[in-house]
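Engineer: Let the hints inform the model, and build the full structure from the sequences given.
Protein chains: 2
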Amino acid sequence: MQYLASPKNNSIKELKKLATARGRRRQGRYLLEGEHLVEEALQNHAEIQQLYVTTKFLQHDPKHLVKQLFDQTTEISEAVAQELTATVHPQGIFAVLTLPQVTLPSELHGKWLLLERIQDPGNLGTMIRTADAAGLQGVIISPDSADVWQSKVQRAMQGSQFHLPIITAELAPMIRQLKQEANLTILGTLVDAQAQDYQNYQAPADWALIMGNEAGGLTEATAQLTDQNLYIPLRGQAESLNVAIAAGILMYSL
Amino acid sequence: MQYLASPKNNSIKELKKLATARGRRRQGRYLLEGEHLVEEALQNHAEIQQLYVTTKFLQHDPKHLVKQLFDQTTEISEAVAQELTATVHPQGIFAVLTLPQVTLPSELHGKWLLLERIQDPGNLGTMIRTADAAGLQGVIISPDSADVWQSKVQRAMQGSQFHLPIITAELAPMIRQLKQEANLTILGTLVDAQAQDYQNYQAPADWALIMGNEAGGLTEATAQLTDQNLYIPLRGQAESLNVAIAAGILMYSL
Numbered sequence: 001m002q003y004l005a006s007p008k009n010n011s012i013k014e015l016k017k018l019a020t021a022r023g024r025r026r027q028g029r030y031l032l033e034g035e036h037l038v039e040e041a042l043q044n045h046a047e048i049q050q051l052y053v054t055t056k057f058l059q060h061d062p063k064h065l066v067k068q069l070f071d072q073t074t075e076i077s078e079a080v081a082q083e084l085t086a087t088v089h090p091q092g093i094f095a096v097l098t099l100p101q102v103t104l105p106s107e108l109h110g111k112w113l114l115l116e117r118i119q120d121p122g123n124l125g126t127m128i129r130t131a132d133a134a135g136l137q138g139v140i141i142s143p144d145s146a147d148v149w150q151s152k153v154q155r156a157m158q159g160s161q162f163h164l165p166i167i168t169a170e171l172a173p174m175i176r177q178l179k180q181e182a183n184l185t186i187l188g189t190l191v192d193a194q195a196q197d198y199q200n201y202q203a204p205a206d207w208a209l210i211m212g213n214e215a216g217g218l219t220e221a222t223a224q225l226t227d228q229n230l231y232i233p234l235r236g237q238a239e240s241l242n243v244a245i246a247a248g249i250l251m252y253s254l
Numbered sequence: 001m002q003y004l005a006s007p008k009n010n011s012i013k014e015l016k017k018l019a020t021a022r023g024r025r026r027q028g029r030y031l032l033e034g035e036h037l038v039e040e041a042l043q044n045h046a047e048i049q050q051l052y053v054t055t056k057f058l059q060h061d062p063k064h065l066v067k068q069l070f071d072q073t074t075e076i077s078e079a080v081a082q083e084l085t086a087t088v089h090p091q092g093i094f095a096v097l098t099l100p101q102v103t104l105p106s107e108l109h110g111k112w113l114l115l116e117r118i119q120d121p122g123n124l125g126t127m128i129r130t131a132d133a134a135g136l137q138g139v140i141i142s143p144d145s146a147d148v149w150q151s152k153v154q155r156a157m158q159g160s161q162f163h164l165p166i167i168t169a170e171l172a173p174m175i176r177q178l179k180q181e182a183n184l185t186i187l188g189t190l191v192d193a194q195a196q197d198y199q200n201y202q203a204p205a206d207w208a209l210i211m212g213n214e215a216g217g218l219t220e221a222t223a224q225l226t227d228q229n230l231y232i233p234l235r236g237q238a239e240s241l242n243v244a245i246a247a248g249i250l251m252y253s254l
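These protein sequence lines are chains A and B, in that order. When we follow the UniProt record's numbering, the leftmost residue of the first sequence carries the number 1, and every step to the right adds one. When we follow the UniProt record's numbering, the leftmost residue of the second sequence carries the number 1, and every step to the right adds one.
FYI, nobody ran anything at the bench for these hints, they're computed from the structure. Here the structure is a predicted model, which means the values were calculated and not measured. Virtual Cβ for every residue (Gly too), placed ideally from N, Cα, C. Certain hints may be false.
[As the list claims (entries may be wrong)] Simulated DEER-style distance windows between Cβ atoms: (1) A/D192 - B/S240: 29 to 39 Å; (2) A/E107 - B/T103: 27 to 37 Å; (3) A/L4 - B/P100: 44 to 54 Å; (4) A/E47 - B/K16: 45 to 55 Å; (5) B/S240 - A/E214: 32 to 42 Å; (6) B/L4 - A/E78: 39 to 49 Å; (7) B/T87 - A/E78: 24 to 34 Å; (8) B/Q224 - A/A5: 45 to 55 Å; (9) A/A5 - B/E14: 43 to 53 Å.
Structural biologist: Take a look at the structure:
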């Protein structure tokens with residue numbers, strides 16, 4: 001097993017570039033950090049190119065992750081781990097994965113979550129995790145949203161990228177395809193005159209729910225493509241709900 | 001109006017100490033940042049001791065916040081704002097507020113949210129904001145949770161501290177009081193043999209819902225005080241829901 005001690009090593013410098021969306025796009029891969037997420041990747045047969053573990057992690061690896069990825073493993077120093085980590089207390093395990101190229105499945109059906117211009121990585125990751133928990137078919141994210149493959153999104157989505165397709169694409173053509181090919185009802189979350197309290201809405205079996213930007217909501221162009229808009233009543237004095245909370249309430253009730 | 005240019009000024013040094021829970025406790029006050037939150041504080045007649053605004057903010061104050069707080073206002077330099085801010089791009093407005101001493105109202109009724117050992121400030125603030133939106137009576141937080149008066153919690157709760165009582169106290173005596181004085185049904189979120197799917201549960205009019213730590217859930221001592229435990233079914237492959245999402249789904253459905 002190779003041992004890398006210096007954070008100035010060229011391969012470490014390349015890995016550090018995976019901290020940006022540009023670096024990930026250029027290299028076609030992303031970095032996954034932490035024991036639990038690497039375990040999820042393994043269990044779901046994700047394509048793990050390399051594994052980097054500290055000497056300390058090597059000595060205590062209760063889930064035998066290194067054994068399963070022995071040929072791809074490089075031992076690193078604590079200094080290298082500190083260089084690669086996005087956390088304050090790194091667990092000492094990092095995997096390099098192929099950036100998935102996901103497209104719509106050929107047989108479209110079920111329930112979908114569509115996200116437009118979501119800016120907060122925590123909100124984005126949490127909504128994907130909730131879509132997974134609620135049994136949705138997949139998530140489609142507009143390209144002007146936060147990048148899915150950054151560490152904060154990964155921490156919030158807790159491995160859900162291995163459970164359901166996550167597609168980054170312009171929403172308008174996707175919405176048309178979901179309507180035409182699968183006859184999905186497109187649900188928006190814009191408050192207009194026709195908007196309905198979600199508690200009184202009888203949802204069809206198949207739908208796509210669109211959640212918009214934290215401050216601005218849906219764009220007008222996207223709002224025009226919805227079949228029905230829903231709202232969540234505010235009973236107290238709060239002006240609005242956090243977008244991930246609203247998405248959670250809607251995905252679970254519809 | 002006084003002008004403070006140097007971040008090394010003694011009063012600025014004291015304000016900086018409000019970034020820690022210890023500093024806030026010692027000084028009995030906390031710092032609120034941003035135009036929207038200061039406006040919320042004003043609208044809700046919170047006790048604003050001082051206001052600090054940059055020269056740039058003074059020149060463009062569309063909501064006339066400074067006018068309403070003129071006697072308490074100090075003009076500060078951008079350098080001071082950079083020293084005080086918890087954000088990357090400060091808006092140039094900071095208010096110093098009295099740390100509220102909130103106790104249970106004498107007439108207990110309605111719906112309450114109880115939080116035990118919540119560690120993530122974003123989760124804590126979002127749950128308080130959702131409790132506000134859902135029309136709950138108040139929130140009680142165990143002392144070993146994240147501190148409510150830190151900036152990350154304030155950004156997530158969006159002024160909800162001005163809308164409903166937020167009480168930091170040991171949960172066990174509070175739960176006993178809510179049961180004995182108000183006859184509230186105590187709902188937990190522990191998965192035990194008697195736990196019920198929340199969708200099949202007929203909630204009474206008055207209840208207290210307890211949400212536990214992100215990783216560990218409720219402590220055993222607290223779990224023993226619940227009248228009914230509820231769970232949210234996981235239909236996909238996700239192992240769990242984010243605690244704030246789970247709280248949102250439950251508060252809105254019960």
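Engineer: Indicate, hint by hint, whether the structure satisfies it.
Structural biologist: Checked hints:
no. : hint                        : in the structure
1   : A/D192 - B/S240: 29 to 39 Å : holds (35 Å)
2   : A/E107 - B/T103: 27 to 37 Å : violated (59 Å)
3   : A/L4 - B/P100: 44 to 54 Å   : holds (52 Å)
4   : A/E47 - B/K16: 45 to 55 Å   : holds (48 Å)
5   : B/S240 - A/E214: 32 to 42 Å : violated (24 Å)
6   : B/L4 - A/E78: 39 to 49 Å    : holds (42 Å)
7   : B/T87 - A/E78: 24 to 34 Å   : holds (31 Å)
8   : B/Q224 - A/A5: 45 to 55 Å   : holds (51 Å)
9   : A/A5 - B/E14: 43 to 53 Å    : holds (45 Å)
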